[in-house]
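Here the protein sequences line up with chains A, B and C, keeping their order. Under our numbering, think of the first position of the first sequence as 150, with each following residue one higher. Under our numbering, think of the first position of the second sequence as 66, with each following residue one higher. Under our numbering, think of the first position of the third sequence as -16, with each following residue one higher.
Calculated directly from the structure, the hints in this document are not laboratory data. Glycine included, C-beta positions come from ideal geometry on N, C-alpha and C. Check before you lean on any hint, since a few could be wrong.
Just the calculated beta-carbon pair ranges, DEER-fashion [said to hold, decoys possible]:
| # | chain 1 | residue 1 | chain 2 | residue 2 | range |
| --- | --- | --- | --- | --- | --- |
| 1 | B | Met241 | A | Gly225 | 46 to 54 Å |
| 2 | B | Met66 | C | His117 | 38 to 46 Å |
| 3 | B | Glu246 | A | Ser194 | 25 to 33 Å |
| 4 | C | Tyr90 | A | Ser194 | 49 to 57 Å |
| 5 | B | Ala86 | C | Ile25 | 41 to 49 Å |
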Amino acid sequence: MDLMNPSALGIQAQNVKAWFGAKEVLHGLSLEVLPKHVVAIIGPSGCGKSTFIRCLNRMHEVVPGARMEGRILLDGEDVSQHDPVALRRRVGMVFQKPQPFPTMSIYDNVASGLKLNGLRSGPQMDQIVEESLHAAALWDEVKDTLGKPGTSLSGGQQQRLCIARALAVKPDVILMDEPCSALDPIATAKIEELIYALKKSYTIVIVTHNMHQAARVSDETAFFLMGELVEFGATSQIFTNPAHKKTEDYISGRFG
Amino acid sequence: MDRLFRALTFIFALAVLALAALIAFELYRNSVLSQKAFGWSFLTRQIWDPVEEDFGALTFIYGTLITSALALLLAVPVGIGVAIFLAELAPKPMSEVCAFLIELLAAIPSVIYGLIGIFVIVPIMRVQVQPFLIKHLGFLPLFKGPAYGIGLLTAALVLAIMIVPFITTITREVLMSVPREQKEAAMALGATRWEVVRMAMLPYARSGIAGSVFLALGRALGETMAVTMVIGNSTHIQASLLAPGYTMAAVLANEFAEADSELYTHTLIEVGLALFVITIIVNGIARLILGRMKVAPVS
Amino acid sequence: MNTNASTRDVVNVAAFGVTALCAALTLGILFFILGYVLIHGIGALNWDFFTKLPKPVGENGGGMANAIVGTAKLVGLAGVFGLPIGILGGTYLAEYGRGRFSFFVRYAADVINGVPSIVVGIVAYTLVVMPVRHFSALAGSIALAMILIPISLRSTEEFLRLVPNAIRESALALGLPQWKVILFVVYPSALSGISTGALLSLSRVSGETAPLLFTAFGNRFWSSGLLNPIASLPVMIFTYSIAPYDDWHRQAWAAALVLLMLVLLANVGARLMLRRRTYT
Chain A
150 MDLMNPSALG IQAQNVKAWF GAKEVLHGLS LEVLPKHVVA IIGPSGCGKS TFIRCLNRMH
210 EVVPGARMEG RILLDGEDVS QHDPVALRRR VGMVFQKPQP FPTMSIYDNV ASGLKLNGLR
270 SGPQMDQIVE ESLHAAALWD EVKDTLGKPG TSLSGGQQQR LCIARALAVK PDVILMDEPC
330 SALDPIATAK IEELIYALKK SYTIVIVTHN MHQAARVSDE TAFFLMGELV EFGATSQIFT
390 NPAHKKTEDY ISGRFG
Chain B
66 MDRLFRALTF IFALAVLALA ALIAFELYRN SVLSQKAFGW SFLTRQIWDP VEEDFGALTF
126 IYGTLITSAL ALLLAVPVGI GVAIFLAELA PKPMSEVCAF LIELLAAIPS VIYGLIGIFV
186 IVPIMRVQVQ PFLIKHLGFL PLFKGPAYGI GLLTAALVLA IMIVPFITTI TREVLMSVPR
246 EQKEAAMALG ATRWEVVRMA MLPYARSGIA GSVFLALGRA LGETMAVTMV IGNSTHIQAS
306 LLAPGYTMAA VLANEFAEAD SELYTHTLIE VGLALFVITI IVNGIARLIL GRMKVAPVS
Chain C
-16 MNTNASTRDV VNVAAFGVTA LCAALTLGIL FFILGYVLIH GIGALNWDFF TKLPKPVGEN
44 GGGMANAIVG TAKLVGLAGV FGLPIGILGG TYLAEYGRGR FSFFVRYAAD VINGVPSIVV
104 GIVAYTLVVM PVRHFSALAG SIALAMILIP ISLRSTEEFL RLVPNAIRES ALALGLPQWK
164 VILFVVYPSA LSGISTGALL SLSRVSGETA PLLFTAFGNR FWSSGLLNPI ASLPVMIFTY
224 SIAPYDDWHR QAWAAALVLL MLVLLANVGA RLMLRRRTYT
């Protein structure tokens, strides 16, 4: 794996509030993700985890009627000053359900971001596709079938394909929104291994409702409850010695 | 670029809106001479005299309404019957295939219905159906007179065939969307299968059926070729359904290209305007009923 | 009690029997029409029909080559005028349209769709024929385009809506601008649906007669350019069938068969195209 990414950047949220229509779902959250760290966000359903990471690459505003306030700093720069499209090229995202583009081959899926951003096909593109598939631990399984439709893969493979697709545009930060929730345990284990490997070169924010997953893959963990950040700290500390009663209740399974 | 593409699609969407307005505006603007000359009485006078340029549209309005009403009378029970059969009795694959075939009936161009009308239905009407009606029901003014073959009843029959698909397609869909609990509640009362249809399904589906009937009516009112070819083109109102008549669409088809004076043309366009208004109202009612139910009509 | 139950069973069987009869009747009519047109049309079809011009009135023989080409030209032009409006307008409704404006556009499309085709013909007449004072292929194709627009608009919107939103989001998350997402990810996903809708709308207008009567009018010879009257199969069927000559009736059936085959092929083809692709 030689997909070293020297440019991995930190991302910082300052007093982020978000609304769907008139309903406020995030009530002023601040947290900082350091470069090449993995931050896990945990919390019960509806606590605003997904909304929060969708604020980080401004996908939140794609939803009709949704808006946000506060500042997101990517490497110290306010992202609201950026074009959202350019921002999303630097902050990649992997969704809950694998979403390979239905009309494209495996190769084209991985290359889609590059192609549509103007890179010509050629040896350079082949190389990036191969590297990305290697990095997503999928290369050995698909190297002989790159021309097949992306939708022909199994669910776990599709999700790794989507990770490769996100890696191909060389993002500075990768957001993962419950990437394993639609997968079986074996496929989940593979993705977890992959995240572990990726953190050498990438900054990753992962939303999960699976606390073991959070404990296994992350450096820091944030616990959200009803749109508030209850606690944020080193993963080892959160899971062994939480500072808040609510955090302790949640990780010991007392509610949700 | 993003804004450009959005603006482009917006302009084309706007064009659709503009087109609808344009249709209404053009019909109004190009019939003002007739509106001035005859006023509202245009709609209630029977005279149609291109030589003296004295016009009234009552014959056509009457013909349009009576043929459409008769067509509904024939098509509604059959259309609903087919829908019940397909929704309840036919096995699913067969139901799908039949529904497709019945939609094909709506895809056949109307001029081909006209052709079948002239060469198949008219002879049958003249030789068998109309003599039979005259013999047995001739005491009614509705069934008096010689058997021409062509006429209001024949036009209504052709129309009925053409609108059955509109009723069947939507009715079948709403019948199939009746919740299982509704049906099971009726079955639990010991209802036979037919009683389930009558008690639980038809009442549940009634607004969908009503919507489909209005949609079919909208089609029937505006149908041109098939009617023009079999209705007989007579500019007088006669009581008998066997007599030749005329509809608004048919008079446009026959006379528009030949209208030689400006007033004559404006008069015909006013007939078009009236037809436009009537169909908008009827279709509007249909959409109002169906819009609430999210059933896609055939187009 | 027992008799009651048995009367109810009789009613049950009888009622469903009647519905089955209705279905048999309706399908019977369909097959009768198809069969009748096939039998009468096949006997009348020959090579001349496709290659020759109509003979002068009173002479037997000749064909409808000009009307076949005319229909192709009218429908093709209608597609050129109408499909961009339908498809791009439909794109607006599906991808950007949520507010009042879209509601009115949809409503307008429904209104146009419900307007009798002969009334659409009048509007094409007042817009195109009246200013230049003669009938033309252009006027005919504009009339057909007006009929085609609402059909392709609504089908485009429908098929675009079938593309899961998650696909749009994952493309946006790759840092693609929305227009590229629509053009290169959403359109390809909906391609079979959109093209089927386009095909159906073309097949629908290819059978339209009424709006052509006083726009394209008709022509017993070849028509050149856009500004001359032009023959079409549906109008030929109409004029030939109401004329008193047997040879014309024969040719009307031949034309009906050709037209019917076109329409049926398009419909069955569309059906098969749609069945092939479904979303997971």
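Notebook entry, point to check: Does the hinted range 41 to 49 Å hold for B/Ala86 and C/Ile25 at CB?
Noted result: 47 Å, holds
Check: Does 46 to 54 Å hold as the CB distance between B/Met241 and A/Gly225, or does it fail?
Finding: Since B/Met241 and A/Gly225 have Cβ atoms about 60 Å apart, the given range 46 to 54 Å is violated.
Note to self: Taking the Cβ atom of C/Tyr90 and the Cβ atom of A/Ser194, is their distance within the range 49 to 57 Å?
What the structure shows: Hint violated: Cβ distance 39 Å, outside 49 to 57 Å.
Next item on the list: May I ask you to test the hint 25 to 33 Å on the CB atoms belonging to B/Glu246 and A/Ser194?
Entry: 29 Å, holds
Margin query: Looking only at beta-carbon atoms, does the pair B/Met66, C/His117 fall within the given range of 38 to 46 Å?
Written below: For C/His117 against B/Met66, whose Cβ atoms are near 44 Å apart, the range 38 to 46 Å holds.
Violated hints, listed in ascending order, are 1, 4; each of the other numbered hints is respected by the structure.
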